[in-house]
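K.L.:
Protein chains in written order, with the numbering used here: chain A, 141 to 256; chain B, 141 to 256; chain C, 141 to 256; chain D, 141 to 256.
Worth double-checking, as some hints may not be accurate.
The list treats identical chains as interchangeable, and a pair is accepted whether it falls inside one copy or across any two copies.
As a list, the in silico SDA-like pairs of lysine to any residue whose alpha-carbon atoms are at most 25 Å apart [what the hints assert, rightly or not]:
#, residue 1, residue 2
1, K228, G248
2, K228, P198
3, K150, D232
4, K228, F155
5, K228, R154
6, K228, R194
7, K150, Q231
8, K150, L196
9, K150, S206
10, K245, G223
11, K245, R200
12, K245, I224
13, K245, D225
14, K150, L201
15, K150, R240
16, K228, T144
17, K245, T189
18, K245, Q162
It should be emphasised that the hints constitute simulated quantities derived from the structure, not laboratory data.
Note that the coordinates shown come from a computational prediction; the quantities given were computed from them, not determined experimentally.
4 protein chains.
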Amino acid sequence: MADTLDDLGKRLERFASEREWQRFHSPKNLASALIVEAGELLEHFQWMTEEQSRALAPERLEAVRSEVADVLLYLMQLCNVLGIDPVKAAQDKLAANAARYPVEKARGNSRKHDEL
Amino acid sequence: MADTLDDLGKRLERFASEREWQRFHSPKNLASALIVEAGELLEHFQWMTEEQSRALAPERLEAVRSEVADVLLYLMQLCNVLGIDPVKAAQDKLAANAARYPVEKARGNSRKHDEL
Amino acid sequence: MADTLDDLGKRLERFASEREWQRFHSPKNLASALIVEAGELLEHFQWMTEEQSRALAPERLEAVRSEVADVLLYLMQLCNVLGIDPVKAAQDKLAANAARYPVEKARGNSRKHDEL
Amino acid sequence: MADTLDDLGKRLERFASEREWQRFHSPKNLASALIVEAGELLEHFQWMTEEQSRALAPERLEAVRSEVADVLLYLMQLCNVLGIDPVKAAQDKLAANAARYPVEKARGNSRKHDEL
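This is chain A alone, in the form it adopts within the complex (with noise of 0.2 Å):
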């Protein structure tokens, strides 16, 4: 990965401050938008077979690493005006489901496999 998430953070928070966006930017509003985008995701998916959605065709995979680009940019925003540091969360909750969901036990049944 070419960057860390922290430059980004800061250009998106001048991008939005520029526009004077901010003030639409509570965290409701980002998180509605980030759920719109990720529809946008998923509506690529919805009438695939799951072996069709690991197989896309190349101006396909731009459009989803489009919208994958647009949850990110929604994720970063909300985490930016509630002070979360996203990767922390991520390496705290993926530690929280190491101990939740043990390998023995776990191993290929999507029963237990709620949550991660």
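Following the hints, put chains B, C and D in place on chain A, whose structure we already have.
P.N.:
Just chains B, C and D now, with coordinates in the frame of chain A:
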């Protein structure tokens, strides 16, 4: 931010691989899981005013942080299986948005502001 | 309301059947399509204040109406394939909610109010 | 189907009014609540294959039915506050879709099939 996403991505791959969960982790399924978590994130804010969402109680903030982590973990896993670099994708999108919403025109105007 | 949902459900079944779309219409796919449309619905409101969302311009209201229709059409199709009567399900849920949120306790209190 | 939606809509209005919940029920908030419920609905299917989603165990079907009810209840409340007749809106949309996806062209073709 304590870390780049690189390391997190690698740990997630190992996590899924040890549990033999890769077969569940088609892009289609991961995009579904991502939006489900985005819904759990939004749920915290759905009855709040925007002002309330800017001033979360500590326990609420902690719960929100945990949902942010889930969203990021699924986004990273989706990027893993599709070979997308999310930070690079976000940087590209931010550059495109800067061209699309020039500062002078976009200032304070939410109408222009449907996609960032 | 001009009609019961019964007739609409039957017309939707014929619509999908004539186009040989039933094989795409697994419950999994229809639930995905439903949330994608719910995202398009929410998109209209994401940067509005609550007050603005209560006073939509006529063209906006028309666009919202079209998204409402999409959500209902997928909900009906999901009910068709799963054999669920949505109105009966909603009546049962409303009765359960009435027991869960008694008037005296719930009055004006959004905290109690996480699920209806 | 046991009933029209008319009566359900009226009962929902009374339900919210008795609890003084109308002030929480802006279109913006109801659209958020709707997508949150759509996420809880999708959660049941996220790790299933399409085939598994067509053959739900009875307890799972009951849980899905409960989420379907929640989606419909919020959709009805959104229609109430916006003055939308959802069945009429869906009928209009279905007619538009019939013109947009003629049987001969659409048959078996998921590509044409991004919006119904």
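K.L.:
Taking 25 Å as the upper bound on the Cα-Cα distance, should K245 and G223 be classified as within, between, both, or neither?
P.N.:
neither (36 Å within a copy, 29 Å between copies)
K.L.:
Checking K150 and R240: alpha-carbon separation at most 25 Å within a copy, between copies, both or neither?
P.N.:
between (34 Å within a copy, 19 Å between copies)
K.L.:
Between K228 and T144, at a C-alpha cutoff of 25 Å, which is it: within one copy, between copies, both, or neither?
P.N.:
both (12 Å within a copy, 10 Å between copies)
K.L.:
Can you give me the call for K245 and D225, within, between, both or neither, at a CA distance of at most 25 Å?
P.N.:
Neither, since 31 Å and 32 Å both go past 25 Å.
K.L.:
Between copies, within a copy, both or neither: which fits K228 and R194 at Cα up to 25 Å?
P.N.:
For K228 and R194, only the inter-copy Cα distance (21 Å) is at most 25 Å; the intra-copy one is 29 Å.
K.L.:
Within, between, both or neither: how does the pair K150, S206 come out at a Cα-Cα threshold of 25 Å?
P.N.:
Result: close both inside a copy and across copies, 20 Å intra and 22 Å inter.
K.L.:
Since the copies are identical, ignore which copy is meant and state whether K245 and Q162 lie within 25 Å (CA to CA) inside a copy, between copies, both or neither.
P.N.:
For K245 and Q162, the Cα distance is within 25 Å only across copies (16 Å; inside one copy 46 Å).
K.L.:
Indicate which option fits the pair K245, I224 if close means a Cα-Cα distance not exceeding 25 Å: within, between, both or neither.
P.N.:
Cα proximity of K245 and I224: none, with 32 Å in one copy and 31 Å across.
K.L.:
Are the CA atoms of K150 and D232 at most 25 Å apart within a copy, between copies, both, or neither?
P.N.:
both (23 Å within a copy, 15 Å between copies)
K.L.:
State whether the alpha carbon distance between K228 and R154 is at most 25 Å within one copy, between copies, both, or neither.
P.N.:
Close inside one copy (23 Å) and across copies (18 Å); limit 25 Å.
K.L.:
Indicate which option fits the pair K245, T189 if close means a Cα-Cα distance not exceeding 25 Å: within, between, both or neither.
P.N.:
Between. Shortest inter-copy distance 21 Å satisfies the 25 Å Cα cut-off; intra-copy 28 Å does not.
K.L.:
Treating 25 Å as the Cα threshold, decide for K228 and G248: within, between, both or neither.
P.N.:
Classified as neither; 28 Å inside a copy, 32 Å across copies.
In the structure shown, a violation is registered for the earlier hints numbered 1, 10, 12, 13, in ascending order.
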